[in-house]
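**Q** If you read the protein sequences in the order shown, they are chains Z and V. Letter by letter, the first sequence follows residues 662 to 879 of the numbering used here. Letter by letter, the second sequence follows residues 662 to 879 of the numbering used here.
Since the hints were derived computationally from the structure, they do not count as laboratory data. Treat the hints with care, as some may be off.
[What the hints assert, rightly or not] Straight-line Cα separation of at most 20 Å, SDA-like style, residue types lysine to any residue; simulated pairs:
id, chain 1, residue 1, chain 2, residue 2
1, V, Lys-674, Z, Thr-712
2, Z, Lys-674, Z, Met-762
3, V, Lys-870, Z, Pro-841
4, V, Lys-663, V, Leu-695
5, V, Lys-674, Z, Arg-802
6, V, Lys-784, V, Ala-811
7, Z, Lys-674, V, Met-662
8, Z, Lys-870, V, Ser-756
[What the hints assert, rightly or not] Chain Z side only, calculated, beta carbon under 8 Å to chain V, not exhaustive:
id, residue
9, Gly-705
10, Ala-757
11, Ser-766
12, Arg-861
A virtual CB, placed ideally from N, CA and C, is assigned to each residue, including glycine.
There are 2 protein chains.
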Amino acid sequence: MKPIAPTPRTTLKRRSDRGSFDRGVIHAILDEGLVCHVGFVVDGQPFVLPTTYARVGDELYLHGSAANRMLTALGAGAPVCVTVTLLDGLVLARSAFRHSMNYRSVVVLGVASVVTGEREKRKALDAIVEHVVPHRRADIRGPSREELEAVLVLSLPITEASAKVRTGPPVDLEADYAMPCWAGVIPLRLTAGNPEPDPRLAPGTAIPKSVTDYRLAR
Amino acid sequence: MKPIAPTPRTTLKRRSDRGSFDRGVIHAILDEGLVCHVGFVVDGQPFVLPTTYARVGDELYLHGSAANRMLTALGAGAPVCVTVTLLDGLVLARSAFRHSMNYRSVVVLGVASVVTGEREKRKALDAIVEHVVPHRRADIRGPSREELEAVLVLSLPITEASAKVRTGPPVDLEADYAMPCWAGVIPLRLTAGNPEPDPRLAPGTAIPKSVTDYRLAR
């Protein structure tokens, strides 16, 4: 895949060694995340709200209520920033100054547009369900026409984007390595617990493999 | 504790039943999170970047390199939004439309200021280390004068803030409850794996309880 072209806005000003415009790296981070943080501006004030999403090819889909003010503003052409962060570990150094975190993050900048066609809209909504729980879509009822109209779907092209990744052990000052102080990484990951059935589950309903075998970090 | 006063900017426009201005709720979410997403505006374009932080009383501390352009702009009075999101579960409904997530999030709006006094600066940096790994500070070397000067510390008062929380099973359309479709919640949590010692650990260095007993969701 061709790398994404850097722009002045996506070029890291610092620690550029941690940056990447590799489309495969960017897509993998977007595909692993479940929640993105959407940044938008109202009267000069930035707002950052969490929401779910899906990537299909070089498009990022967001969705929400058609009454949602953030989505309505973004659909009208307000500039947006979508950030996805995966936290991989706590980096414990010998000095406070060199403590850090291992993470993988992606920032996508641009202008979104409203998805209006019924077919693309359904495709985007299906992609969001499948992104969060693969194989779920086949088990559930799809949107009715009324539900489809109540949802606003936005498409953001992944054309101005970059990734930033930190991995590995702490990097201490040379003199500090002799300190009798434990240093290393505490790895972190998001894990799924035992599924909790809805108290109103119809009797005898089987639990599907998509739920019992649910795995993060696919 | 007195609740935080709502403002038009922090009052939920939709699903206000999920909103809270309770200071205890807001503080608990901020204290459990490890990473916040900081929103700021450059030339009308919103940017959202992840970073760590700590809460001390009604102040949120951010830090980074003194050369960091985001922190420098925020320290100069640019409006900021700091959002912390804890993802608690995937809510699997019988219809695509009613799929959701269980989460706890906090949004803090305002203007940050640069922490200039050495004593408060050290206190803020210590708080960030302790926030991420409790009891870590006593084991490590604190910032030298040069390191202290290389760090910019910002303080953001938690005075304009709100929380949003979703818990519980899916809420389906009444007619959908009869569907022979599994529904419920897949709980999610960030978990710590086995600590990975730095390959350059001084021989015989003991691993402290703060690392072996590290627990998230304290």
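**Q** Would you mind marking each hint as holding or not holding in the structure?
**A** Here's how the hints hold up against the structure:
The hinted pair formed by Lys-674/V and Thr-712/Z meets the criterion: a straight-line CA distance of about 16 Å does not exceed 20 Å. With a C-alpha separation of about 19 Å, the suggested pairing of Lys-674/Z with Met-762/Z holds against the 20 Å cut-off. Taking the CA atoms of Lys-870/V and Pro-841/Z, the gap is about 15 Å. The hint holds against a cut of 20 Å. Taken as a hint, the Lys-663/V and Leu-695/V pair is broken in the structure, with Cα atoms around 25 Å apart against an allowance of 20 Å.
Distance restraint check for Lys-674/V and Arg-802/Z: the Cα-Cα separation of roughly 28 Å exceeds the 20 Å cut-off, and the hinted pair is therefore not satisfied. Distance restraint check for Lys-784/V and Ala-811/V: the Cα-Cα separation of roughly 16 Å lies within the 20 Å cut-off, and the hinted pair is therefore satisfied. About 42 Å separates the Cα atoms of Lys-674/Z and Met-662/V, which puts this hinted pair outside 20 Å; it is violated. With a C-alpha separation of about 18 Å, the suggested pairing of Lys-870/Z with Ser-756/V holds against the 20 Å cut-off.
Hint status for Gly-705/Z: holds, given a least beta-carbon distance of 6 Å to chain V, under 8 Å. The interface hint given for Ala-757/Z is met, as the beta carbon of that residue sits about 5 Å from the closest beta carbon of chain V, less than 8 Å. Below 8 Å, beta-carbon pairs count as interface contacts, and Ser-766/Z has one with chain V at about 6 Å; its hint therefore holds. Given hint, Arg-861/Z at the interface with chain V, holds; its Cβ is 5 Å from that chain's nearest Cβ, closer than 8 Å.
Hint compliance for this structure: hints 4, 5, 7 are broken, all remaining hints hold.
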